[in-house]
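Chains as they are written, first to last, in the UniProt record's numbering: chain A, 1 to 345; chain B, 1 to 345; chain C, 1 to 345; chain D, 1 to 345.
In case anyone wonders, no lab produced these hints; they're calculated from the structure. It is possible that part of the hints are untrue.
Calculated cross-link-like contacts (lysine-lysine; reagent style DSBU-like; alpha-carbon spacing at most 35 Å) [unchecked claim]:
#1 C:136 <-> D:16
#2 C:234 <-> B:136
#3 B:16 <-> B:97
#4 B:234 <-> A:332
#5 A:234 <-> B:166
#6 A:16 <-> D:136
#7 C:234 <-> D:166
#8 A:234 <-> B:16
#9 B:16 <-> C:16
#10 A:332 <-> B:166
#11 D:332 <-> C:166
#12 D:136 <-> C:234
#13 A:234 <-> D:234
#14 B:136 <-> B:234
#15 C:332 <-> D:16
#16 D:16 <-> C:234
#17 A:136 <-> D:16
#18 A:332 <-> B:16
#19 D:332 <-> C:332
#20 A:136 <-> D:234
#21 C:234 <-> B:16
#22 B:234 <-> A:136
There are 4 protein chains.
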Amino acid sequence: MNTIGIGVIGAGRIGKIHADNLLRMHGVAVAAIADPFAGEALAAWAAERGIARVTADASELLTDPAIEAVIICSPTDTHVPLIVEAAANGKAIFCEKPVSMSVEGTREALRAVAAAGVSLQIGFNRRFDHNFRRVKEIVEEGRVGEPHLIKITSRDPSPPPIAYVKVSGGLFMDMAIHDFDIARFLSGSEVEEVFTQGAVLVDPSIGEAGDIDTAITTLKFASGALGVIDNSRKAVYGYDQRVEVFGSGGSVAIANDYPNTAVVSGPDAITRDKPLHFFLERYTEAYRDEMRQFVDSVRLGQPVPVSGQDGLQAELIALAAKRSLETGRPVKLAELAEAGLAAEA
Amino acid sequence: MNTIGIGVIGAGRIGKIHADNLLRMHGVAVAAIADPFAGEALAAWAAERGIARVTADASELLTDPAIEAVIICSPTDTHVPLIVEAAANGKAIFCEKPVSMSVEGTREALRAVAAAGVSLQIGFNRRFDHNFRRVKEIVEEGRVGEPHLIKITSRDPSPPPIAYVKVSGGLFMDMAIHDFDIARFLSGSEVEEVFTQGAVLVDPSIGEAGDIDTAITTLKFASGALGVIDNSRKAVYGYDQRVEVFGSGGSVAIANDYPNTAVVSGPDAITRDKPLHFFLERYTEAYRDEMRQFVDSVRLGQPVPVSGQDGLQAELIALAAKRSLETGRPVKLAELAEAGLAAEA
Amino acid sequence: MNTIGIGVIGAGRIGKIHADNLLRMHGVAVAAIADPFAGEALAAWAAERGIARVTADASELLTDPAIEAVIICSPTDTHVPLIVEAAANGKAIFCEKPVSMSVEGTREALRAVAAAGVSLQIGFNRRFDHNFRRVKEIVEEGRVGEPHLIKITSRDPSPPPIAYVKVSGGLFMDMAIHDFDIARFLSGSEVEEVFTQGAVLVDPSIGEAGDIDTAITTLKFASGALGVIDNSRKAVYGYDQRVEVFGSGGSVAIANDYPNTAVVSGPDAITRDKPLHFFLERYTEAYRDEMRQFVDSVRLGQPVPVSGQDGLQAELIALAAKRSLETGRPVKLAELAEAGLAAEA
Amino acid sequence: MNTIGIGVIGAGRIGKIHADNLLRMHGVAVAAIADPFAGEALAAWAAERGIARVTADASELLTDPAIEAVIICSPTDTHVPLIVEAAANGKAIFCEKPVSMSVEGTREALRAVAAAGVSLQIGFNRRFDHNFRRVKEIVEEGRVGEPHLIKITSRDPSPPPIAYVKVSGGLFMDMAIHDFDIARFLSGSEVEEVFTQGAVLVDPSIGEAGDIDTAITTLKFASGALGVIDNSRKAVYGYDQRVEVFGSGGSVAIANDYPNTAVVSGPDAITRDKPLHFFLERYTEAYRDEMRQFVDSVRLGQPVPVSGQDGLQAELIALAAKRSLETGRPVKLAELAEAGLAAEA
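Put together the whole structure using the sequences plus the hints.
Set out below in structure tokens:
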């Protein structure tokens, strides 16, 4: 087994998680990590792991011939230029979602990737989660028949800081984009129309920042199936990530994951601990599998499990949801181009 | 305890259930049952229960001074004239939902009831169910804080016959009307706006009859909360009636009821029996409590637990849902009057 | 359908429940109720229900030719003479458990019943419970294969008054006797050997009264299967009645019943209400079915679902358990006779 | 952080798992692996992981000054001499259970460890499991009050090969020993008396090999609490590892872990996947934590979380259980010495 050299761009929380997951694999070398704020702490962190090079300059890493693949975990506004440069240098690319805040940017990145003939995997980690994956299998086995309704619950334990909310692209592009991807993934069909009801119920300052914190989004799929997603930025009991696919032959539903199965029967009530707190706890294994499959696709020259096109489609749904919120009516994805919001290349 | 004389109008399935539940109570006499198709079978059924009078003529019953209250379970198109006549005769009235297929009809019935100073209880049985009632209590105790999202799942085990579908008033007036009532009941707030996505996925002949069999309906409440209901005419695993209220302080959710708690662990899977099959099984106790509370309100001269106004509001939501389906956009209840669909009296 | 006249002996809590359940049936007349403490309250209670006769003298009832069957719910020490007298008068008999505190007494009652050719049903109500019955069906369908282990959890919400403890016959005869019957019922095999570890952990005054309040009892069945029962007189969370049958082909387990399915997710924990509090709540329906099947067996001249022999066997197991506790070693049922404790008639 | 050199003795399944878990930690070097059957496959396996030395001679490893701690995963009959030699060489020791098949052997090992002043941790991995650990915490927080009953279910998915059964030490020493340890761990009290009912129900050849495959074991603790363990060598639905602690203030119970939370509602039943298949799947994380805590105790010079004394006590309970099976009566641990079975050193 040849060793694959990998570079990580962006040394934030998720960049470090990906690096650690890569370090556990046999046949993988984390050759370098790049972050504009690289300093002593990052150097120490890298040294402890035997990562040889730490740099503030991503280009150094992107032009290193020993590096075959890159993991892009830097802020969203850097994704497109980094993808373009990585593609030009022939690197296999893993990029966190969303690819870009603008559809045109994402299309540009996808064109660069296609032109260079490199692979691009988007960081929709939930597809690798044991629960979502099992739902997908059960749907594919036909155990629920033809899907009629897809229901997704997606709530965070607490909202991000307002400073982040302002640059996040909004609830749909930042948070619900994962749900849009899961809706496509589980239904096996494209979303054609979106209607959303949004509200500011959690924190007025989110509204002042121009965003919403609560939403119900209805989806209409090409297959005729219907979907609905409910989002909240604040569930006091923790991360709430559930899905149900209901069809002509039955339904499949997943519950949250819990830190343990202990149930206490006391004089007042029956109680158990809250679900796993947030995505780092809930999707620990999913992040591992995501990296494993990316590395496998690089090693074997096979298609990535989540493509750039998957990234683009989820962004288009987010755009339609936002437009529905603004216009107060259902929005077809087909009309985005007409509205000048998502010109076809 | 004085005995209250009660007459039952309509000897179909639900009329008989109400009669049997009344017969179990102390201080209640089921004095008569009226049905235009009264024949030998009904006479035998009544005799077995000691119900003295069986008649084809509801007016006989409505003018009987020994009868203090009537239970109207006849077809919907008979409700308004029966309520008007019952009110004119000073009877306390229980009427199955919906009061009428037209808002004007319902308003007429409500005016007659108000003019006569009698009481009118509408048959929203789910409010008496142990699960829905517990959710209501928990919300009222403040254990979920301010409600943000109300989610209702409401699926039948199989569609009614096409002949019934054609006269049913459609999925919203016939089936989802219960969910609209529960949404108001649990949120403690009025619905202001409705958007619905409907589809024919279960049976094309339902579509040919001018109805839908699958729907996702989004609600916006006066309180600012959002709601969503998903309906299907066919869940192969049986009646699926669940609700979740999510708020600033947590959430409360109910699951279905099951015939037993037995779980089998076998070589292939872990299995349990399907939920209670349909409303007769699921809401057996709710029907009893519904009658008990109606009788109590008559006996004690207290307000009924579900008023004519509750019946009207649910019908207005159904009307808005239907109009949303027809127009493909969200519909405000306030605009129904303007559209000439629900003139204020 | 001929009306069956029934008399109830003993107007305590369970006697009244049986009477009310009988009153709901068609084709049944509760002709009389007998209780040595019959007074105004009981007379009023009977009048409200249309029970014509109330008497302090059970013999009046037992010799009444209009009475075809009797329900014996009086204290245990009256059971045998009442059964003997009822049998002599040709009545069908339902008797609460245990038949008697002494095996000889029970044998005497059984001989009288056999001699008179009347039927005798013992009040092991759990056999009629929807959960236990479903376990039985699943075992009989072969879905767990050959039973290897039967595990029964049986805990009360709180101990009875000490005055009752003193005359109760002890934890095994009073409380665990139901579990012994369920063990036989579900295993389909006779218990051959019993070992018990008992303790006084709930309340020292129970120990002072010569009883225990906590026990683990191991059973060995003729089939080779093993069983275990754990008993406690006090579960602060309420009545705990569960069972598991594990076998060569899998297992089946039942959980407790709950008043509702509502689950609250809050900032500290996930909670639900406690299980149904005690036997009156948990076995409401089981008591109804128990009476229904007794009446059916009388009407159709068919065998009763729980025989006097079932009552005797459970008493023998209780006796063996008590002896095991006293001797500190496993006790075979076969040795009870040798020990002069349970002479074969 | 200094790097701790560790040697692994025994390259079977569990030895490799421990090695892999150690390899993931920072500040740990797996310096060598010893196995009498070391060959090319093991060499390749070690090379892939960067383990420098592979040897057939454990002594080589035990005398290596670069090795500070050893993990003993070789067959049980090698444990005592290896522990003695490791202790003589001043190594910190982790040893799989049981320490030895004879109490005298275990005592010898413990004496050697004490004389050398080294630490010895026994491989009771369940203590590190998220579920068992949570039960322990809840009990220690007093949420169940004083423990009255400890109930342990412990069933394997399928029996080991007969060749292994013959040298395994029997069901109690090989399998139930984990349960005996958990009983002590959760009750916080020593077992004083043991009674067991055993049977051969799974496979007659297990009986022919002199062992049993099914057992119910009753425990009496010094605290007065009672315990019960049920064991089976074959649960067709997979590994079944549950526990309940019931006390004066309530109870805590854990269920099995599942590969996912997906529940399928179909036309015939509600189904979910079986629990995690066996110990490797169920206790994956527990094995990691076990190694982490061993390494931490070595690094910090702190007591190990599971001591040699814990190993000895569990062996004594196993011995008492075996004797109870042979004699058909309850056996006190105190009488083992008198019987010459477990002489105090």
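Cross-check of the supplied hints:
Between residue 136 (chain C) and residue 16 (chain D) the alpha-carbon distance is near 46 Å, which puts this suggested pair outside the 35 Å criterion. Using a Cα cut-off of 35 Å, the hinted pair residue 234 (chain C) and residue 136 (chain B) holds, with the two alpha carbons roughly 31 Å apart. The straight-line distance between the Cα atoms of residue 16 (chain B) and residue 97 (chain B) is roughly 16 Å, inside the 35 Å bound, and the hint therefore holds. For the hint pairing residue 234 (chain B) with residue 332 (chain A), the CA-to-CA distance comes to about 28 Å; that is within 35 Å, so the pair holds.
Annotation: proposed proximity of residue 234 (chain A) to residue 166 (chain B) is violated, straight-line Cα distance about 44 Å (limit 35 Å). Between residue 16 (chain A) and residue 136 (chain D) the CA atoms are separated by roughly 33 Å; this keeps the pair inside 35 Å, and the hint holds. In summary, the hint linking residue 234 (chain C) to residue 166 (chain D) is not supported, as the alpha carbons are separated by about 44 Å, beyond the 35 Å threshold. The hinted pair formed by residue 234 (chain A) and residue 16 (chain B) fails the criterion: a straight-line CA distance of about 48 Å is larger than 35 Å.
In summary, the hint linking residue 16 (chain B) to residue 16 (chain C) is supported, as the alpha carbons are separated by about 27 Å, within the 35 Å threshold. Our distance criterion of 35 Å between C-alpha atoms is met by residue 332 (chain A) and residue 166 (chain B), whose separation comes to about 31 Å. For the hint pairing residue 332 (chain D) with residue 166 (chain C), the CA-to-CA distance comes to about 31 Å; that is within 35 Å, so the pair holds. With a C-alpha separation of about 22 Å, the suggested pair residue 136 (chain D) and residue 234 (chain C) falls inside the 35 Å cut-off, and the hint holds.
Taken as a hint, the residue 234 (chain A) and residue 234 (chain D) pair is broken in the structure, with Cα atoms around 45 Å apart against an allowance of 35 Å. Taking the CA atoms of residue 136 (chain B) and residue 234 (chain B), the gap is about 27 Å. The hint holds against a cut of 35 Å. This hinted pair does not check out: residue 332 (chain C) and residue 16 (chain D) have alpha carbons roughly 49 Å apart, beyond 35 Å. Note on residue 16 (chain D) and residue 234 (chain C): the hinted pairing is violated, with a Cα-Cα distance of about 48 Å set against a maximum of 35 Å.
For the given pair, residue 136 (chain A) sits about 33 Å from residue 16 (chain D) by alpha-carbon distance, which is consistent with the 35 Å threshold. A distance of roughly 49 Å separates the Cα atoms of residue 332 (chain A) and residue 16 (chain B); the hinted pair therefore is violated under the 35 Å criterion. Only pairs whose Cα atoms come within 35 Å are accepted, and residue 332 (chain D) paired with residue 332 (chain C) is accepted, the gap being roughly 21 Å. For the suggested pair residue 136 (chain A) and residue 234 (chain D), the alpha carbons sit about 31 Å apart, so the restraint of at most 35 Å is met.
For the suggested pair residue 234 (chain C) and residue 16 (chain B), the alpha carbons sit about 43 Å apart, so the restraint of at most 35 Å is broken. Annotation: proposed proximity of residue 234 (chain B) to residue 136 (chain A) holds, straight-line Cα distance about 22 Å (limit 35 Å).
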